Amino acid sequence: MTGSSVPTPGTPRTSHPVRDFPPETLCPSCGKFVGAYTRCPYCGCEHKHRMSIRFFRSFALAVSITGLFLIWIAARGVKAPLVKVKDIGPMNSFAYVRIEGENTRTSAYPDGGVGFVLDDGTGTIRVQAYADTGRALAAMGRVPGPGERVSAEGTIQFTGERARLLVNVPEKVVVTRDGTARPGAAPVEIAEIDAGQKGKEVVIMGKVTGLSNIGKGTKMELTDPTGTIDVVLWDSVREAAAPGLAPAAGKLLKVRGHVGEYRGRLQVVPRASGRVEETSVR
Amino acid sequence: MNIWLVVLYTLLGTAVSSLVSLMPALHIYNVAGIIIILTMGTGTSALIPMEYVPIFMMAMVVGWAILNTIPALFLGAPDESAIFVVLPGQKYMMQGRGYEAAALTGLGALAGIVAMAVATPVFFKALPKLRQLTRPHNFWIMGLIISYMLLSEWPKGSGRQKTGWGRFIDGWKNLAAGLLTFLLSGILGFIVLTKPLVPIRYAFQNIMPVFVGLFAIPWVIGNIFSRTEIPPQYVCRSADLPTGIWSRGGFAGFLGGMIAAFLPVVTGGIGGFIAGHVTAQRDDRLFIVSQGASKSVYYIGGFLMAFIPGLSRTRGGMAWMLRPFYQPHTYDDYWRIMGVIMLSGGVSFFLLLAYSRLMIRIINRVNYRALSVLMFFLLLAVTYAIGGPWGLALATVATAIGLIPVYFHSRRMNCMGVLLLPITLNMGGLGPSIARLLRLV
Numbered sequence: 001m002t003g004s005s006v007p008t009p010g011t012p013r014t015s016h017p018v019r020d021f022p023p024e025t026l027c028p029s030c031g032k033f034v035g036a037y038t039r040c041p042y043c044g045c046e047h048k049h050r051m052s053i054r055f056f057r058s059f060a061l062a063v064s065i066t067g068l069f070l071i072w073i074a075a076r077g078v079k080a081p082l083v084k085v086k087d088i089g090p091m092n093s094f095a096y097v098r099i100e101g102e103n104t105r106t107s108a109y110p111d112g113g114v115g116f117v118l119d120d121g122t123g124t125i126r127v128q129a130y131a132d133t134g135r136a137l138a139a140m141g142r143v144p145g146p147g148e149r150v151s152a153e154g155t156i157q158f159t160g161e162r163a164r165l166l167v168n169v170p171e172k173v174v175v176t177r178d179g180t181a182r183p184g185a186a187p188v189e190i191a192e193i194d195a196g197q198k199g200k201e202v203v204i205m206g207k208v209t210g211l212s213n214i215g216k217g218t219k220m221e222l223t224d225p226t227g228t229i230d231v232v233l234w235d236s237v238r239e240a241a242a243p244g245l246a247p248a249a250g251k252l253l254k255v256r257g258h259v260g261e262y263r264g265r266l267q268v269v270p271r272a273s274g275r276v277e278e279t280s281v282r
Numbered sequence: 283m284n285i286w287l288v289v290l291y292t293l294l295g296t297a298v299s300s301l302v303s304l305m306p307a308l309h310i311y312n313v314a315g316i317i318i319i320l321t322m323g324t325g326t327s328a329l330i331p332m333e334y335v336p337i338f339m340m341a342m343v344v345g346w347a348i349l350n351t352i353p354a355l356f357l358g359a360p361d362e363s364a365i366f367v368v369l370p371g372q373k374y375m376m377q378g379r380g381y382e383a384a385a386l387t388g389l390g391a392l393a394g395i396v397a398m399a400v401a402t403p404v405f406f407k408a409l410p411k412l413r414q415l416t417r418p419h420n421f422w423i424m425g426l427i428i429s430y431m432l433l434s435e436w437p438k439g440s441g442r443q444k445t446g447w448g449r450f451i452d453g454w455k456n457l458a459a460g461l462l463t464f465l466l467s468g469i470l471g472f473i474v475l476t477k478p479l480v481p482i483r484y485a486f487q488n489i490m491p492v493f494v495g496l497f498a499i500p501w502v503i504g505n506i507f508s509r510t511e512i513p514p515q516y517v518c519r520s521a522d523l524p525t526g527i528w529s530r531g532g533f534a535g536f537l538g539g540m541i542a543a544f545l546p547v548v549t550g551g552i553g554g555f556i557a558g559h560v561t562a563q564r565d566d567r568l569f570i571v572s573q574g575a576s577k578s579v580y581y582i583g584g585f586l587m588a589f590i591p592g593l594s595r596t597r598g599g600m601a602w603m604l605r606p607f608y609q610p611h612t613y614d615d616y617w618r619i620m621g622v623i624m625l626s627g628g629v630s631f632f633l634l635l636a637y638s639r640l641m642i643r644i645i646n647r648v649n650y651r652a653l654s655v656l657m658f659f660l661l662l663a664v665t666y667a668i669g670g671p672w673g674l675a676l677a678t679v680a681t682a683i684g685l686i687p688v689y690f691h692s693r694r695m696n697c698m699g700v701l702l703l704p705i706t707l708n709m710g711g712l713g714p715s716i717a718r719l720l721r722l723v
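Quick note, the sequences are listed as chains A and B, same order.
Note that the numbering used here has the first sequence beginning at 1, numbered continuously upward.
Note that the numbering used here has the second sequence beginning at 283, numbered continuously upward.
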């Protein structure tokens, strides 16, 4: 029994009989006429203690929209935490963090992507920017050179035992170019250079006592009466920092570059703004 | 590697997943996340030797893919990939044929596993090339899938409203609810993936509170307030399934599952839905078999991608969770894991039949409302343990979004906007611009 009736052919239909029954006599689940029953004989649902679907609808709409708005406001205010490389483990995969350290190596890829390795004193991590972000970094002058201090925000990704920081937003790579030595600054003795000067620019003078090619640059061993240090001259800056220089063992060089560290050894790395020149003055 | 230990951890993983599968709304990935935190929190596997962890995890995935049908059918609590099983499945339930529906789904899952084993040469030869070929085009492929998913939910409504506008609103209400669900879940996903709010110590689970809210809690709430009684069920000795329907359903499901397993972010529900349209399914039996196959190929095949040498593909929650700890490289790894899949699949199928019989016996004796309340608090506890207060806040908002399709009768699949939208935008290089627009960076 549904409470509906078949209209006589030819008779205009003026009302629907089901709709004429009081709502409390219709099953709230299947809509059939149940009269005074508290359990629908057709679908078996109970009529008492029912939770209003309208309530859940309103709840769902109100909480989802308001809640999402509040989550957005909160997320805007959240700062990426500064973490140390040694503290990063597989559980931190997909964390959005900030890492500060010194760039020890920069790589550029044919598709425009950029990668560099940050050393924060506790370990090293590869920072990577895919093609679009890499091109944007280059356009904004934010591709760090070796030895420069960098703050990078991104997502940690772990593959096997290797972690990397994936940068998606170019503005979140900040290269700090402070600690620059004055062009006319007096040279310091090599023995005076220590780990505390990492990231700072120094001027040194000494004799080339060793020379080797290292892929995209030249490594020179520079010796003065107080000690020896490696000077790394990248091909990418050679034109700007050492125009016309032909390094050879025995030559006396004056080098203005930033102090860096590679595999536990301190080194001086001239940037494009640095200088490597032959000198005869001791 | 000791063969007996391989068998032991396969059976152990299947047993664990069989218990998890009986709990409505508890997802195997959540449980796997907890197991990873407990066993490998220190970086070394404490409970299970590291080399056996992938075997244990794969067995869990296989068991889950097959046995998850039980709560989906008998308790009405499907996960996202099983949503489409429920519609014809519930018809079977109301006819007292729930056991048969479970068996059909299990047979579909077996068809999917057999198809994956048979397709191994294709996996080795074609998938790495296919990946290279599709990689630059993923953005628009994903856009097409999203468009198809949204556009194929055409206006509904009873057409009983008195005015034209009334009928228009009635018809488009569900569609608007679906679009709203997709948009809201997409924005939530974008926020969570751009600025994770979960503590960084468990960051690898940062999407978990959102998934719990979108998919698990709305169903638990539904179970708590539902008063439906299950009619008596008949345990049949044979299934109404000709070989032709089984193979057609298995093929369609394999196709759908592979679409989901191969393409980024696409889930078994979406893959099965597309494959269903592609193969023009009309028969309920074919539909149930194909969905069983699609679900198993999506879950198992997605994880299996990580073991295919030369493919370098990470698909599915389990592969992402395991990737930081383990990466397979050799053909031996692949064949071993394929053996694990076959063994676990066979055992799970018999468990499916046994558990279905058990469920039919106890279904009207166990207080599932009380169990659902228990599950509700368990989900909250797990979410708090992993995500802290922010995890609970995210789960609350996600729950509200997940309730929209339930109470406005649109597709729950739209909740997958949580991953589809942000990842597609990022693939298209639009992620940073949207992040700036939302002032998240």
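Derived from the structure by calculation, the hints contain no laboratory data.
A portion of the hints provided could be inaccurate.
Stated by the list, open to error - In silico DSSO-like cross-links for lysine-lysine, where the CA-CA straight-line distance does not exceed 30 Å:
1. 254/A / 216/A
2. 32/A / 79/A
3. 407/B / 32/A
4. 455/B / 373/B
5. 254/A / 198/A
6. 455/B / 32/A
7. 455/B / 444/B
8. 411/B / 32/A
9. 438/B / 32/A
10. 216/A / 79/A
11. 251/A / 84/A
12. 216/A / 198/A
For clarity, every value in this text was computed on a predicted model and none was experimentally measured.
Here is how each hint holds up against the structure:
| no. | hint | result |
| --- | --- | --- |
| 1 | 254/A / 216/A | holds, 21 Å |
| 2 | 32/A / 79/A | violated, 57 Å |
| 3 | 407/B / 32/A | violated, 59 Å |
| 4 | 455/B / 373/B | holds, 26 Å |
| 5 | 254/A / 198/A | holds, 19 Å |
| 6 | 455/B / 32/A | holds, 23 Å |
| 7 | 455/B / 444/B | holds, 16 Å |
| 8 | 411/B / 32/A | violated, 58 Å |
| 9 | 438/B / 32/A | holds, 21 Å |
| 10 | 216/A / 79/A | violated, 37 Å |
| 11 | 251/A / 84/A | violated, 41 Å |
| 12 | 216/A / 198/A | holds, 22 Å |
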